[in-house]
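Colleague: Protein chains in written order, with numbering that gives the first Met the number 0: chain U, 0 to 404; chain G, 0 to 331.
There could be a bad hint or two in this list.
[Unchecked claim] Distance condition first, Cα-Cα at most 35 angstroms in a straight line; then the derived DSBU-like pairs of lysine-lysine:
id: 1; chain 1: U; residue 1: K309; chain 2: U; residue 2: K371
id: 2; chain 1: G; residue 1: K94; chain 2: U; residue 2: K3
id: 3; chain 1: U; residue 1: K2; chain 2: G; residue 2: K109
id: 4; chain 1: U; residue 1: K243; chain 2: G; residue 2: K94
id: 5; chain 1: G; residue 1: K236; chain 2: G; residue 2: K184
id: 6; chain 1: G; residue 1: K314; chain 2: G; residue 2: K184
id: 7; chain 1: U; residue 1: K200; chain 2: G; residue 2: K62
id: 8; chain 1: U; residue 1: K385; chain 2: U; residue 2: K371
id: 9; chain 1: U; residue 1: K3; chain 2: G; residue 2: K184
id: 10; chain 1: G; residue 1: K94; chain 2: U; residue 2: K249
Just so you know, the hints here were simulated from the structure itself, not pulled from any lab data.
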Amino acid sequence: MAKKFELNEVEVWDGNMAAAHALRQAQVDIVAAYPITPSTPIVQNYSKFLADGYVDGEFIMVESEHSAMSGCVAASAAGVRAATATSSQGFALMVEVLYQASGMRLPIVLTVVNRALAAPLNVNGDHSDMYLGRDAGWINLCSYNPQEAYDLTLMAFKIGEDPNVRLPVMVHQDGFICSHTAQNVRPLQDEEAAEFVGEYKPVNTMLDVANPVTHGVQTEEDWHFEHKARQHHDLMNSFDTIKKVFNEFKERTGREYDLVYTYKMDDADVAIFALGTTVESARIAADQMREKGIKAGVVSLRVLRPFPFKEVAKALENVKAVAAMDRSAPGGTFGALFNEVSATMLAHGKSPVMLNYIYGLGGRDTTIDMLKEVYEDLDKCAKAGKAVVPLQQFLGLRGPKLSFY
Amino acid sequence: MVKKIKNLKELSLSNDRFEGANLMCPGCSHNIIVREVLNATDDPVIVATATGCLEVCTAVYPKTSWDVSWIHIGFENAAVAAATVSAAYEVMKKKGKLPPATQKMVDEGKEPKIVAFAGDGGTYDIGFQSLSGAFERGHNFMYVCLDNEVYANTGGQRSSSTPIGASTTTSPAGSVSYGEKMMKKSMVEIMADHGAPYVAQVSPSKWKDLIKKVQKGFEVYGPVYINAQSACTTEWKHAPEDTIEVSDLGVESCVWPLYEIINERDEHGIIYSTKLNITYRPKNKIPVEEYLAAQPRFRHLFKPENRHIIDLWQKAVDTRWEYLQRREEAGV
Ligand SMILES: Cc1ncc(C[n+]2csc(CCOP(=O)(O)OP(=O)(O)O)c2C)c(N)n1
Ligand code: SF4
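Next comes chain G alone, as it looks inside the complex (with noise of 0.2 angstroms):
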């Protein structure tokens, strides 16, 4: 069943099931990308956080934020947690043993919805072993990644998804250094090779679309990836106020691609056909050096000297969207 939701006043109310009021910076992006999740679906949700900032300004006891049934075990398992409750749920059913509530709302035709949150560091890093075991085993779940580039709740060290040229405190900017060496790595592609029957790539600042997505992702039987884009105010530098405008202009750049990928498949991981969808297509592509400039942790790469990071950083992200592109056209 496919929630209606008509405009943002609309999904903004309906949420009862996340508080706004917890412990995360203003502007948060997690805060935003986790209600719109939420509100994609009126179904029962289930939830499991792994460490990181989301979970330890939403749980502090005696108080949590969550309306809905939370776990939060480790920072490396968010994923297996999900996939096992899920698998939990489904041999309750089957032995005719769920709770009544929940039987009940399974026969009017209502699945409870299981979803994981993780950051970054708890996705391409350290909980990429448990991610990527729980996909290939196919649960039924979705996982949410709140990418924003950085470990932020341990002070904001470089991951595997920091980009090039940005200042963290384990890469910082300094006299002979542009900060962070690597390009990020392409967790989208890497999880759509599971086989996940759906994946995609989203950005709170096109909430219709990252609904969407959500939704889709719901449909489907099996392991469903979402990588969020998620401005961090702490560790980007930029004002709270922008952080909508910050990541716009992040997909508005092709920085952030917005597109999905489907996998068809059977029950035993059988691929028969992908298809990559770009989902939003700028109307004038602009530089990637105005989403670097209202970001703080890319300052000093506009020094004369760092100058051709910029460079490279145009061309990286202009290969990436004319390959998107290029898959697209292709129909794979």
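Just chain U, with the same shape it has in the complex (with noise of 0.2 angstroms):
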């Protein structure tokens, strides 16, 4: 058995501490993991706790991030809790087998604290590889601070080992500015988050030599598109079960999540759609234009995948002009969140003016006074009912203005 981790009830955790504990407290029995910055701290701390007897488990310092969700999705098939953490290049490298593990139907957990993509080699965070991940069938959860980063990851092993949903998923954090600064976290207690997650209750296990069972099979034309068919099927029937895990959680701690998060939207004539610690800072930002009369608001997901349109339709519905802030390069096209808030716009026959700021990347500072001028284009392009200004700019970018469209 595990020894007791002695917790304060207000801990000062980063955000890698914070998904560390919770990897402990869901008493994972195997890690597989390698190193990569900014989410390093996060399997050096749960090493440490073994090492020390908090963890029953076992850790397996695999030799690349390929081998790391590869044994994930052995030790899941396998029946046991598996999860790992990475960041960028390792998540990049992980990409084939993150389609491996929802195929399969794996509820494996994997913290992501999003980082650039090289080239240039860059350690700082933004979200390249959370975009380059979205549509690997995952469930995507986003935290914008350590508090959420330990909540959603104890969250997060409920949510896909849920027989009605029965997948792996990421919880996302920002690399260094959530993962690297320590703030107050109220944990549960160990009995309390065990009791929480509750026991791991897997199905088709591999160990279980009375009932053999295939895992990974090739399907051609004949069955692959059912089998596809019936994985999005369950991926978007999960809003449920998210919301239900949420409840829960709300009511055993009083925190209280939702699968969108909005800021002052009851009368926001102009919103700023953000993900990630930007959320904060546009709460902020939104105050302080709402003191000179523009009525701001923020719009922010908790719940990346499924995506939930019906909530993001209905919190911008009277709105006039939206900011889609996609802290990841466009590669060519708008950002991949103004694509997807667009589209659910105009899937609901609704247009506002919807702008694409592209900002953050590599790890550059995003200030409040860059957010204002954010809500100060909104306002100009609400008060014309077109938009006035180009619709991709890039914020915060040193030398002369770059805008597309």
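From the two separate chains plus the hints, produce the assembled complex.
Modeller: See below:
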């Protein structure tokens, strides 16, 4: 039996420590991992917990991220609780296996500490890796600070392992800004966390020698389509379980989570739509704009996949202009978030002015003043009833302004 | 518990873990090897396979040829898959959380045997990193390479196991080329140098030798590597009924020497002794030419302008045979 970790009511943890404690409290049986900045401390903390007897499972320090995720897939298929953490290049190396994990319906938990993708090589935070993996068939949860990284990681196990879901779950947090910034975190005590997460009840385990199972078969055109449709169906239906788990968590801790998080949206004319640590800055910018008489609000996602299209449409139904903020290089089109939010609005028969801001690449600081500039652009468009600024702008770039469309 | 096998008939009859009813070509050695390996033990077996002929021909939904737990993840991760299943087994055993039927078998003294099967492409090339990592970490599992010296499933491209002179789709023989330019990588020694407690080379034609080695491998704790010669009717281009004969020519000519390397080591991987045993010594070592002549993939080597490659082959095989004998004599 693992030793109990004595926790204070309030701990000062950074996002990595918060995630590591969540993995410890979930008593993950196998963590197979490979180090990469900025997620390295998660696996370091985890191995220290193991060395000190606070975890009962096994930590396998594999030779690559490809093997880390492959190990998680095999362990999960064997019937144990498996988790890992990574960032950026490591995440990119895992991509092939991410699809295997979701296609085999294995509830692995992956903490992604978001970071830019090379080249140029950069260790700092942006959301390039988050967008690279968003179509891999995983549930994607987004946290904005260490408390949320902790809460959502605990919830990730419960969501993914639910018999109606049986899918892997990623929990994102911003590199350095969240992962390396210590804040007050209110943890659950070990027994309480274990009781919340619950015991893992695997299905079709390879270790049951009386009931052999075949994992990872080949299907061609006669079956592949049905399998993928079923997977999509269950992913789309996972909203119910996600909401149920969010509610249970609220009952236990008082901390409220929702698919979409809105701030001052009841009467907003203009809205910033953002993910990650920028959400908190945007709220401050919105408050300051409201002092100037501009009805500003913020919308953010707690769940990137499945994409909560109804809630997004509802949150934005009365706004005149929206700025979708993409913290990743757009690669020859509008940003990924912009495309999704625009499509959602169009599908619901709404057409606010949609602007796309590319910002914060490779860890570039995004200040409250910059976000206020965005609100000012939005205000101009809202008043004009059409786009009077370029549709896509790079925010906070040195030198001449860069804009497209 | 070593299973006693009296004769070939008994061996072939005892198998209900891997169905011969699958999509592999007639005469494919992969089938024969897998059956021989799975039949070497009565203990439960759990299998991981890499992408390749074996995988695509034996688990096409909604059917499966496997009556053991089986997983396929990707081309390059059969080793880490088997290694992690093994780790998962150990964790669950320690925690007392094994499924009841498995726990019962363990109480009766039977431990599941965890085996990875992969082709030479999945072993010598793309899967080498995960294989090396899993062996270095010392997981308790057996890795069997079905070495047909070619990427068969994608239509016969060269791999780093393809021997010199073979014509493949990416090292084709032509008017100015005799085919593959490099001699094959010596995987057995590479894996033995990882400190694996047991490493062996086998051929399905010498089935008793193969079974004995697999049984030895199952008896030791730690990663075991078995390099299995796997004649491929489609890419070696011999007739299906000649598979075993072609395999035997490989053994009798010492192109495919049968030997084992035993590393005595502790749980930290500290090696106290290394011993190489040749397990089959041909009475009359036949010329390499006879082996090459039996396979149309080498047909072009018999043209006058390519004869020197056959000489090179003979020299390489003789040198290697000499090396193995000397190592055996020296006990290292
Ligand atoms: C990452 C990746 N690259 C390439 C492939 C394509 N591929 C599938 S099977 C195969 C060849 C398998 O050859 P080998 O390992 O020698 O096994 P064999 O089919 O000969 O038994 C290749 C190249 C793949 N499945 N995955
Ligand atoms: S191509 Fe070769 S290895 Fe593949 S199934 Fe046919 S004979 Fe076997």
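Colleague: Keeping to a limit of 35 angstroms between CA atoms, is the pair of G:K236 and G:K184 held or broken?
Modeller: holds (22 angstroms)
Colleague: For the pair supplied as a hint, U:K2 and G:K109, confirm whether the alpha-carbon distance does not exceed 35 angstroms.
Modeller: holds (32 angstroms)
Colleague: Going straight from one Cα to the other, do U:K309 and U:K371 come out at no more than 35 angstroms?
Modeller: holds (28 angstroms)
Colleague: Going straight from one Cα to the other, do U:K200 and G:K62 come out at no more than 35 angstroms?
Modeller: The given pair, whose Cα atoms are some 26 angstroms apart, holds under the 35 angstroms limit.
Colleague: Has the given pair, G:K94 with U:K3, been kept, meaning a C-alpha gap of at most 35 angstroms?
Modeller: The hint holds at about 16 angstroms.
Colleague: U:K243 and G:K94 were given as a pair; does the straight-line alpha-carbon distance stay at or below 35 angstroms?
Modeller: holds (30 angstroms)
Colleague: Assess, step by step, whether the Cα of U:K385 is no farther than 35 angstroms from the Cα of U:K371, and give holds or violated.
Modeller: Satisfied, since the Cα-Cα distance of roughly 19 angstroms is no more than 35 angstroms.
Colleague: Below or equal to 35 angstroms on CA atoms is what counts here, so check G:K94 against U:K249.
Modeller: holds (32 angstroms)
Colleague: Check whether the Cα positions of G:K314 and G:K184 lie no farther apart than 35 angstroms.
Modeller: Roughly 16 angstroms between the alpha carbons, so the hint for G:K314 and G:K184 holds.
Colleague: Are U:K3 and G:K184 close enough, with their CA atoms no more than 35 angstroms apart?
Modeller: Violated - the C-alpha atoms of G:K184 and U:K3 are around 51 angstroms apart, more than 35 angstroms.
When held up to the earlier numbered hints, the structure conflicts with hint 9 and nothing else.
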